[in-house]
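K.L.:
One letter stands for each residue in the lines below.
2 protein chains.
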Amino acid sequence: MREAVPARKGAAHDSVSDLVDDLLAGNKRAAAKLISLIEDDEPEATDALARIFPHTGRAHVVGFTGPPGVGKSSLINRLVRKYRSRDRKVGVVAVDPTSPYTGGAVLGDRIRMADTGVDPGVFIRSMATRGHAGGLALATFDAVRVLDALGMDIVFVETVGAGQSEVEIATRAHTTVVVEMPMTGDAVQTMKAGILEIGDVYVVNKADLGNEDVLVANLKFQLTARDGWIPSVIRTAATEGRGIDELADALDRHAAYLDQTGFRAKREVARARLEILENAQRLLSRRVANRSRMGRAFDALAEDVAARRLDPHAAARKLLWPTRPREK
Amino acid sequence: MREAVPARKGAAHDSVSDLVDDLLAGNKRAAAKLISLIEDDEPEATDALARIFPHTGRAHVVGFTGPPGVGKSSLINRLVRKYRSRDRKVGVVAVDPTSPYTGGAVLGDRIRMADTGVDPGVFIRSMATRGHAGGLALATFDAVRVLDALGMDIVFVETVGAGQSEVEIATRAHTTVVVEMPMTGDAVQTMKAGILEIGDVYVVNKADLGNEDVLVANLKFQLTARDGWIPSVIRTAATEGRGIDELADALDRHAAYLDQTGFRAKREVARARLEILENAQRLLSRRVANRSRMGRAFDALAEDVAARRLDPHAAARKLLWPTRPREK
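So the sequences go chain by chain: R and Z.
If you're matching positions, the first sequence starts at 20 in this note's numbering and goes up one per residue.
If you're matching positions, the second sequence starts at 20 in this note's numbering and goes up one per residue.
Keep in mind the hints are simulated off the structure, nothing from the lab.
Wrong hints could be hidden among the right ones.
Far from chain R by the CB rule (all over 10 Å, computed), these chain Z residues [claimed, not checked]:
# : residue
1 : A147
2 : D172
3 : E231
In silico EDC-like cross-links for lysine to aspartate or glutamate, where the CA-CA straight-line distance does not exceed 20 Å [to be verified]:
#  : chain 1 : residue 1 : chain 2 : residue 2
4  : Z       : K47       : Z       : D106
5  : Z       : K52       : Z       : D40
6  : R       : K239      : R       : D268
7  : Z       : K52       : Z       : D37
8  : R       : K52       : R       : D138
9  : R       : K285      : Z       : D318
10 : Z       : K285      : R       : D318
11 : R       : K285      : Z       : E322
12 : R       : K101      : R       : E259
13 : Z       : K239      : Z       : D278
14 : R       : K47       : R       : E63
15 : R       : K101      : R       : E265
16 : Z       : K101      : Z       : E259
17 : Z       : K101      : Z       : D271
18 : Z       : K285      : R       : E322
19 : Z       : K239      : Z       : E259
20 : Z       : K285      : R       : D323
21 : Z       : K337      : R       : D66
22 : R       : K47       : R       : D37
23 : Z       : K101      : Z       : D138
24 : R       : K285      : Z       : D323
25 : Z       : K47       : Z       : D138
26 : Z       : K52       : Z       : D66
27 : R       : K337      : Z       : D66
In this text, a Cβ means the ideal position worked out from N, Cα and C, and glycines have one as well.
The shape of chain R in the complex, shown without the other chains (with noise of 0.2 Å):
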């Protein structure tokens, strides 16, 4: 467990510097209005991210996909209580590029998941971020980043599905978690292009249908070491609350693991290039739509561009190097 740092109690949140104290001393308000900052791509959240990052890098970060309905947000909610029984504190980031989940099974974990907001060791967020500057990934784990400042052991990122964005997002984490069910009757099981590379961990979830057998085998017959680790395949039962120890278990040794053989660091090198490469992104769309020196230059380049004077890839490089000579 960490130090925590002494609540300013009562406090207005007048400033970003006492939004990021209150959330360094555990305040959960603090962080829902932290990611709401992000969620809204505010300047502000630029700010904040700055001062809390040296408060960063001890969460360990879980990311899960797979198709809509296989149970991600059951095992999540179980994974959840599972944790608190093992007092470590728990975070969860559900990326929804969309809408708000609806519909039965889904609607009632989110509800059952909200009941543990009273607990401090507990914290869950939609987090809606269509059209966000730096793409939804970086949002994603700016708002990772806000409950591991908080304090945070074990953070889930939740995905809705497992198409390209997902699987991105997914494997930001520093263990993927790739959840699949058995087919039922005489479909025959196929897994998505890609989705035996991604896991560090294997879910076949709705165990309790029968025909897993066929799937776990077809898993631990496919599946190829990453970074030297072999996947885990766990069967899980998640609504009866089957499995779920065990799957506790597999990401603890992932999280060994990686902290054993330095991948841990590997991982956040190769976040970290990601990250870098969507904040200039930002930097840059931000910096050229206000009325600086290089706003007026963007312009400049722009009508050039649109009067076939310079194309865009050139204007691109003196946006970037207005006065360096090319380099090859």
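Following the hints, complete the assembly by docking chain Z onto the known chain R.
P.N.:
Chain Z in isolation, oriented as in the chain R frame:
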């Protein structure tokens, strides 16, 4: 009609320079090769696009969006024939972010469209550009530029749906066409939010199903002017060829309107702004990936971020402006 540069018959495509010469001479095979380079995000594509850029800007570009199954392919197929009968050269770029078309009617159209391949005044190309470093929209309009330089008078950009990225692509064209169809039975016709603001021409396709009057009336009641232009609403039955003359006339009227009012230049500038930023993003991604001075600086920044010595936003600022003091 445009002047044709004499073709270099039988010449091998040894270099980008040769490919561009052949393209400007009206060689469709050169166009296909250049679009493949764009699709694969090859650095040669950048050189080629810089060379052809001064020869572009003459084609009128029309983007189509609308839900899957609404008949966009059939409409475009009919429009291609219509414009050929008016002695106009026509290009089509079908944007396909995931996989080739499947399904009876659409595939049927695609095959019929391919039949026009012997006509030098038609060029049709499906683009699969998943994972393009500059984004799907950038790759699409780079391909449009190839067809423009090939000498096409009008280029149709066909998207597969009406999601965020499809709408973004369609609205980068000079003229944006939104295709809808009447609902049959008791279903209530609802329009996606925002769809009423983006179109210059609205098509109510499958008018032969009946019930189209309600949709047409709804559209006319709700549509407002865009750049001073009140959007046209056209009824078509693409499979029977009804309404195609009226649609082509509406497209030509809008093209003339853009020329007369200066809004064509305004739209070119808006697209240039987006394309410059996207090119800058791609340029950065490429530059940091190689063993240049900038690549080494980037590696060091990523190490600093992973070690929490520097936050990703500050690292992005150092990447973009290594020597400049911080500008607010």
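K.L.:
Among the hints numbered above, which are violated by the structure, and what are their numbers in rising order?
P.N.:
Of the numbered hints, 13 and 19 do not hold.
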